[in-house]
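Q: Which chain is which? The protein sequence lines are A and B, in order. Each residue of the first sequence is one higher than the one before, starting from 134 at the first, in my numbering. Each residue of the second sequence is one higher than the one before, starting from 43 at the first, in my numbering.
Honestly, the hints are just simulated from the structure, not real lab data. All of these numbers come straight from a predicted model, not from anything done at the bench. In this text, a Cβ means the ideal position worked out from N, Cα and C, and glycines have one as well. Take the hints with a grain of salt, since some may be wrong.
Claimed, not checked - A short, non-exhaustive set of chain B residues, derived as facing chain A with CB atoms under 7 Å:
hint, residue
1, R171
2, T175
3, G180
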Amino acid sequence: MEVFFLENVKFRFETDLVLDVESLTVLSGEVVLLTGANGSGKTTLLRVMAGLLTPEDGAIQYKSEPVIFGKAGLEHRRRVTLLAQEPYLFRGNVLLNVSYGPRARGMSNSQANEMAQEAILKTRCEGLIYRDAAKLSGGEKKRVALARALAAGAETLLLDEPISHLDEENSKLIAEIIKELAASGITLVVSTHIPEWASSLSVKNVRLAYGRIV
Amino acid sequence: MEYLLDGFADGLMRVLRADPQVMLAAWVTIKVGFWATILASLIGLPVGFLLAMGRFRGRGFAITLLQTSLGLPTVVIGLLAYGFLSRRGPLGFADLLFTPSAIVVGLVILAVPLVAVFSMTSVASVDERVRETALTLGASNGLVAWTVLREARFGMMAAVLAAFGRVSSEVGIAMMLGGNIEGYTRTLTTAIALESMKGEFGFGIALGVVLLGIIFVTNLLSRYIQRS
Chain A
134 MEVFFLENVK FRFETDLVLD VESLTVLSGE VVLLTGANGS GKTTLLRVMA
184 GLLTPEDGAI QYKSEPVIFG KAGLEHRRRV TLLAQEPYLF RGNVLLNVSY
234 GPRARGMSNS QANEMAQEAI LKTRCEGLIY RDAAKLSGGE KKRVALARAL
284 AAGAETLLLD EPISHLDEEN SKLIAEIIKE LAASGITLVV STHIPEWASS
334 LSVKNVRLAY GRIV
Chain B
43 MEYLLDGFAD GLMRVLRADP QVMLAAWVTI KVGFWATILA SLIGLPVGFL
93 LAMGRFRGRG FAITLLQTSL GLPTVVIGLL AYGFLSRRGP LGFADLLFTP
143 SAIVVGLVIL AVPLVAVFSM TSVASVDERV RETALTLGAS NGLVAWTVLR
193 EARFGMMAAV LAAFGRVSSE VGIAMMLGGN IEGYTRTLTT AIALESMKGE
243 FGFGIALGVV LLGIIFVTNL LSRYIQRS
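Taking the hints into account, I'd like the entire structure generated from these sequences.
A: Below you can see the structure in the form of structure tokens.
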């Protein structure tokens with residue numbers, strides 16, 4: 134089943150055309166690896182797919198429905214979650230952060246905490262649950278942010294450079310977690326400028342250069 | 043020099059003895075300061091939040107107006123409020139002049155711009171990623187705003203405490219609208235002005251020490267909150 138369908142999507146930053154995607158299809162349960170050098174348009178593409186940036190032209194459909202951008206696109210944002218390259222963790226402990234998504238969907242605190250704990254286990258963050266989010270290391274922050282994105286219950290996860298600034302051990306751990314998420318049926322679009330890192334994953338490669346798929 | 047030292051000694055003795063006149067003035071100061079801060083916060087915090095988050099016509103003008111009113115002389119505020127509250131004024135029917143409520147009205151006018159500008163700065167300085175993170179985690183527009191507010195809460199609390207410190211040390215408004223009535227509208231600052239003019243230097247010092255103590259504790263709290 135087709136999850137994302139993009140056609141002639143253009144995004145301009147001031148006067149520069151930074152994204153010009155002719156066609157891109159993402160299928161359900163697929164892991165798409167977006168590669169390309171820094172500045173090739175990976176982050177912009179993910180932000181457009183997440184509904185955070187409105188393209189100036191083109192069509193984007195999610196499960197055959199046009200994506201609604203910005204604040205009005207609540208429905209889309211609840212189905213597709215973006216994990217930013219430099220994720221921001223809210224003030225408070227890890228559990229409070231991870232349970233944010235379920236609480237945003239109106240779940241009770243106990244239900245939200247239950248979902249958060251499941252995601253925390255999946256991302257190997259169980260030792261961090263009551264730690265102050267501000268005092269975590271870079272690798273821990275990435276894992277907690279991944280747990281938070283996962284707990285939000287999205288069908289599709291967009292991960293922007295999930296291993297940037299991480300050591301080898303943490304990078305392997307993230308690759309393992311992604312593999313498990315893919316096996317559980319979650320559709321993933323992952324950007325990276327180090328494609329070798331994802332060699333253990335079975336992925337569809339999409340290479341970007343100067344905002345175009347090459 | 044002897045006169046100064048005697049004044050300080052007398053002042054400290056009055057503080058240690060908990061002189062009833064000093065304590066009464068301190069109580070009035072805290073009471074009017076508390077209510078003025080609460081009311082100013084109820085107006086100033088939402089205004090600051092809206093100015094930081096909203097994008098609407100006239101926003102720039104509103105910010106300039108608020109920033110300008112930070113420098114409004116307190117006697118001018120006192121004079122304007124006096125005009126409104128006096129028997130001949132449009133709010134004369136309320137019979138508020140020379141009551142603690144009148145002082146509160148003037149202090150609210152003084153503190154609203156302060157709370158609004160400080161809280162606007164604190165909301166505006168919240169990391170841009172907070173809004174986006176909340177959006178992408180499926181938060182509604184209301185929850186996004188609440189999340190930003192939550193992240194700015196320490197700055198906003200500091201704004202409230204700064205307002206309390208400012209209204210507690212104000213003299214012009216309290217004098218003009220309160221009338222310096224002993225045990226009723228006499229605050230620490232108006233009492234200092236009166237006692238020093240009467241030559242009661244020690245009494246003035248005692249009042250000053252208590253006032254400084256109140257402001258010191260307020261600043262300690264503010265620092266603690268900001269460091270949190």
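Q: For every hint, state whether the structure bears it out.
A: Hints and how they fare:
{"no.": "1", "hint": "R171", "verdict": "holds, 4 Å"}
{"no.": "2", "hint": "T175", "verdict": "holds, 5 Å"}
{"no.": "3", "hint": "G180", "verdict": "holds, 4 Å"}
Checked against the numbered hints above, the structure violates none of them.
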